[in-house]
Amino acid sequence: MAQIIIKNLSKDFGNFTAVKASSFTIENGEFFMLLGPSGCGKTTTLRMIAGLELPTSGEIYIDGEDVSQKRASERDIAFVFQMFALYPHLNVRQNISYPLKSQGMPKAQIKDKVAEVAKLLGIEDILEKPVGGLSGGDRQRIALGRAIVREPKAFMMDEPLGALDAEFREHMAEELRALHDRMGTTTVYVTHDQLEAMQMGDKIVVMNHGSVEQFGVPQDIYDWPATIFVAEFIGSPPMNFLHLNGSVNAGDSTIELTGQVYEIPMMLQGCEGDIAFGVRPEHISFDPKSQYRGDIIATEYLGTTQIVTLQTQNGTLKSRIPSGELVTEGGSVGLAFDPSAITLFDKKTGSALLSEGNKGVLGDG
Amino acid sequence: MAEVILKNICKSFGSQVALSDVSLTIPDSSFVVLLGPTGAGKTTTLRLVSGLDKPDSGAILIDGIDAVTQSPAQRNVAMVFQQYSLYPHMSVRENLSFPLKSPILRTPADEIARKVDEVAETLQISHKLDNKATELSGGEMQRVSIGRALVRNPRVYLMDEPLSSLDAKLRSDLRIELKRIQASLGATMLYVTHDQTEAMTMATHVGVLDHGELAQFGTPRDIYEDPASIYVASRLGSPKINILPADLFPGAPAGAASIGLRSEHIRLGEGHEAQAVRVEHLGDQTRLHLKINDLDLTTLTEAHTKIQPGDCLKIALQSPLYFGANGERINS
Chain P
1 MAQIIIKNLS
11 KDFGNFTAVK
21 ASSFTIENGE
31 FFMLLGPSGC
41 GKTTTLRMIA
51 GLELPTSGEI
61 YIDGEDVSQK
71 RASERDIAFV
81 FQMFALYPHL
91 NVRQNISYPL
101 KSQGMPKAQI
111 KDKVAEVAKL
121 LGIEDILEKP
131 VGGLSGGDRQ
141 RIALGRAIVR
151 EPKAFMMDEP
161 LGALDAEFRE
171 HMAEELRALH
181 DRMGTTTVYV
191 THDQLEAMQM
201 GDKIVVMNHG
211 SVEQFGVPQD
221 IYDWPATIFV
231 AEFIGSPPMN
241 FLHLNGSVNA
251 GDSTIELTGQ
261 VYEIPMMLQG
271 CEGDIAFGVR
281 PEHISFDPKS
291 QYRGDIIATE
301 YLGTTQIVTL
311 QTQNGTLKSR
321 IPSGELVTEG
331 GSVGLAFDPS
341 AITLFDKKTG
351 SALLSEGNKG
361 VLGDG
Chain B
1 MAEVILKNIC
11 KSFGSQVALS
21 DVSLTIPDSS
31 FVVLLGPTGA
41 GKTTTLRLVS
51 GLDKPDSGAI
61 LIDGIDAVTQ
71 SPAQRNVAMV
81 FQQYSLYPHM
91 SVRENLSFPL
101 KSPILRTPAD
111 EIARKVDEVA
121 ETLQISHKLD
131 NKATELSGGE
141 MQRVSIGRAL
151 VRNPRVYLMD
161 EPLSSLDAKL
171 RSDLRIELKR
181 IQASLGATML
191 YVTHDQTEAM
201 TMATHVGVLD
211 HGELAQFGTP
221 RDIYEDPASI
231 YVASRLGSPK
241 INILPADLFP
251 GAPAGAASIG
261 LRSEHIRLGE
271 GHEAQAVRVE
281 HLGDQTRLHL
291 KINDLDLTTL
301 TEAHTKIQPG
311 DCLKIALQSP
321 LYFGANGERI
331 NS
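Chains as they are written, first to last, in the numbering used here: chain P, 1 to 365; chain B, 1 to 332.
Simulated from the structure, these hints should not be mistaken for lab results. Here a beta-carbon is modelled for each residue, glycine too, at the ideal position from N, C-alpha and C. One thing to keep in mind: the hints can contain errors.
Computed from the model, here is a short list of chain P residues facing chain B with C-beta under 10 Å [stated by the list, open to error]: (1) Ala178; (2) Gln194; (3) Met198; (4) Val217; (5) Asp223; (6) Ile234; (7) Glu282; (8) Ala298; (9) Lys318.
Derived lysine-lysine pairs resembling DSSO-like cross-links, with alpha carbons at most 27 Å apart [stated by the list, open to error]: (10) B:Lys169 - P:Lys203; (11) P:Lys7 - P:Lys359; (12) P:Lys348 - B:Lys169; (13) B:Lys306 - B:Lys240; (14) P:Lys111 - P:Lys129; (15) B:Lys240 - P:Lys318; (16) P:Lys347 - B:Lys169; (17) P:Lys20 - P:Lys359; (18) B:Lys314 - B:Lys291; (19) B:Lys169 - P:Lys318; (20) B:Lys306 - P:Lys359; (21) B:Lys169 - B:Lys128; (22) P:Lys203 - P:Lys153; (23) B:Lys291 - P:Lys119; (24) P:Lys129 - P:Lys107; (25) B:Lys240 - P:Lys203; (26) P:Lys203 - B:Lys291; (27) P:Lys203 - B:Lys306.
The whole structure should be built from the sequences, with the hints applied where relevant.
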C-alpha cells in the first residue's frame, strides 16, 4: 500500500525531452491511469516510478520517502509488462513461486501464498500444468499472479491488455479491476485507449508531448476538459468544435454563432481572436426553431444510438441521438446545444476558458 | 455494377470445413458486410468471389454469369487486402495509375490523371502523390491501396478488413468516406470485418457467419433488433447482450431457456432486486455492473447517475429477447 507523489519530474534522452516537469499525486489504493498517444511520455513516467529509469530532475516520493535515485529493487514495486514474460520450462506453480523462492521464503509459506493467489485469480486447477499450452488469458493471470504474490507496495502495468483482441480485452479489463477492488493495492496503469482509462481508472492523468495536460477523475475530465487536446482525445466521437473569430468577456453568458444567440455557462475569463466552441456529441439536439442550421452529410446506425455528421458554417459536428429519430442525409436541421455543457477554448493557447461550468474542475489551476 | 449470387457454396481445406452450404445474394449497388470472429469463413467467401480460390461445390453468379470457371481477371473485381501491397519503387501517383495503365483498358493519359487526382482528393492523400510509396505512414499506405481499387471501374469491390490497421480517428473518417464513395458510385461492395461498428455503420446488409454457415442476413437494424439466435445477438451491441436463464423473470414464453437483455431492455426503478457491484463513468453514459441472484448483468444509465457500488436497485424488463435451449430465437 502506498501513496506516490510525482514532483516536477523530467527526463531527457540526449536532446529529446520525454517528460517535462510533470506533477501529480497517486493516492493510496487508487487505480491510476497514465493516458496519452504514443510518444507522450507515459511509459517513461511509469518506468521512472518503478526505478527502471532515473529522472533527469524532479522527485518521486513513495509513502513520503524520496526514492528518485533509488534502484528498482529498493522500491518494492511489481511491474507487469504488455507481453507476459513467463518461464517456459517451469509449470504454473513454479512460475508464481519464483519471486518468493529468490527471496528465500520457507517452502511451507510459499505453498500457502501461492494457494491464496491462485484462488484470488481463479487458476487453482491449472497450478501443475506447464505454461506452454495455456491460453492468453491464463498466461496473463499467471503473470499477474507472479506480481501479486510478492505483495508489493504498488503495481506498475504497461498496457497489459494491449495484445488481446477486443472482446477478450474487455473481459480481462473487468477481471483486473475486480481484482484490484479485492486487494486495494495502489496500481499505476499505462494505456493509450481512452475508453479503457475511463472504464478502469479512479483517476486519470492525460499526457501529451511529455507534459501533463489534465489530472483528475474520469467524469470531470470528460465533462470539463482543460485543453483542446484532452477534449479531442477523450470521447468517441470526441468533442466537437465550432470555430469563430470574435471576443467573449468575463460575465458573458451567451455567445452568437452566425446570427443565433446561444446560452453558455457564465464566463469568468475573456478572450479575443480565434475561439473554439466545444460541445460533446450527446449535447447536440435538433430544434426546428433554431436558425443555426447544419446539413446532414452522414448518419451511422449504432443500435441504440446513431451518429449524425453535420456540416455547419463553423465546422463539422458529430451528434449522438437515439436511433429511433428519423433523419435523412442531404437534409438540413436547426441545432440546439445543452447550455450547461459548453466549453470555450482559446485557440492560441489551446486552453479552456474558465467559466461557472468548469471552475469546480479547473479553478485551482 | 453487378449483382452477385452465391448458391450452396461448400469449401474445405483438408479436413477443415471453411464454408458449408452458404447461399447469399449481394444485390446490385449494395454494401454487404460479412461479420464474424476469426475462422468463421469471411475471408474464404471473399476469395471465392474474387476467384483466388475455387469452391468445392456450388455456384457463383456475377451479373447472372457463372463465374466459377472464370479467372480473377475475367471477373473484373477489385480487391483490397488487410495488408497493403504497394509497389515500393513507385510513387503514390504511379501506384494509383498502375491499374489504369493496363494495355487492355487503353485509358487516355489525361483521363488517368483526372481519375488519380479525384481519388487522391477523396482519400486525403493529394499532398503525397509524388512521394515514394515507402515514404508513407501505415495509414497512408492503406489509403493508397484502397485508392488503387477505386480508380478502376470493376463490377464488384471486395475488401478484407481494410481499416483494421488504422488508428481510431482515421478509421472513423474512412468509414464515412467508404460509405459515401460506395453510394455515389452505386458500387456493389462485399466487405469483411470482425468490427461491429464497421458492420453497423456502413452496411446496407450484414451477413453473420458462424463456423462456415450463414447465421443471418439482413439490414444492420434487423440483425441488432431482431437477431435469429444468441450467437447473432452477441455479435452486435456494446456492452454485449446479457444472456440469463429465462426463469429468472416471470413472463417467459413456453420453450424459452434463455433471456437476452440489452441495455434498452432494462428499466431501472421497479421490479426485481439487483445490487450495483461496479459503476463505470464512461463520460457520455455510465456502465453499471449488477448482480441479480448471483448472476452478472451489465447495463447503461445516464452519465451523472448517483448510483454507487453496493446500492440496491430494482430492474424491470421491456420487450426482451427469448431463446430456446438450442440458442434459436423464440418469438414472444
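Going through the hints against the structure:
1. Ala178: Nearest chain B Cβ about 7 Å off; hint holds.
2. Gln194: Cβ of Gln194 (chain P) sits 9 Å from chain B, so the hint holds.
3. Met198: holds, 5 Å
4. Val217: holds, 8 Å
5. Asp223: The hint holds - Asp223 (chain P) has a Cβ within 10 Å of chain B, the shortest such distance being about 8 Å.
6. Ile234: holds, 7 Å
7. Glu282: holds, 5 Å
8. Ala298: holds, 5 Å
9. Lys318: holds, 9 Å
10. B:Lys169 - P:Lys203: holds, 24 Å
11. P:Lys7 - P:Lys359: Holds, at about 24 Å.
12. P:Lys348 - B:Lys169: At roughly 23 Å apart (the allowed maximum being 27 Å), Lys169 (chain B) and Lys348 (chain P) satisfy the hint.
13. B:Lys306 - B:Lys240: Holds: Lys306 (chain B) and Lys240 (chain B) sit about 23 Å apart, inside 27 Å.
14. P:Lys111 - P:Lys129: holds, 16 Å
15. B:Lys240 - P:Lys318: Holds. Lys240 (chain B) to Lys318 (chain P) sits at ~24 Å (cutoff 27 Å).
16. P:Lys347 - B:Lys169: holds, 21 Å
17. P:Lys20 - P:Lys359: Given that 27 Å is the threshold and the Cα spacing comes to 25 Å, the pair holds.
18. B:Lys314 - B:Lys291: holds, 11 Å
19. B:Lys169 - P:Lys318: holds, 13 Å
20. B:Lys306 - P:Lys359: holds, 21 Å
21. B:Lys169 - B:Lys128: Holds, at about 19 Å.
22. P:Lys203 - P:Lys153: holds, 18 Å
23. B:Lys291 - P:Lys119: Roughly 21 Å between the alpha carbons, so the hint for Lys291 (chain B) and Lys119 (chain P) holds.
24. P:Lys129 - P:Lys107: holds, 19 Å
25. B:Lys240 - P:Lys203: Holds. Lys240 (chain B) to Lys203 (chain P) sits at ~26 Å (cutoff 27 Å).
26. P:Lys203 - B:Lys291: holds, 25 Å
27. P:Lys203 - B:Lys306: holds, 18 Å
Violated hints are absent here; each numbered hint is respected by the structure.
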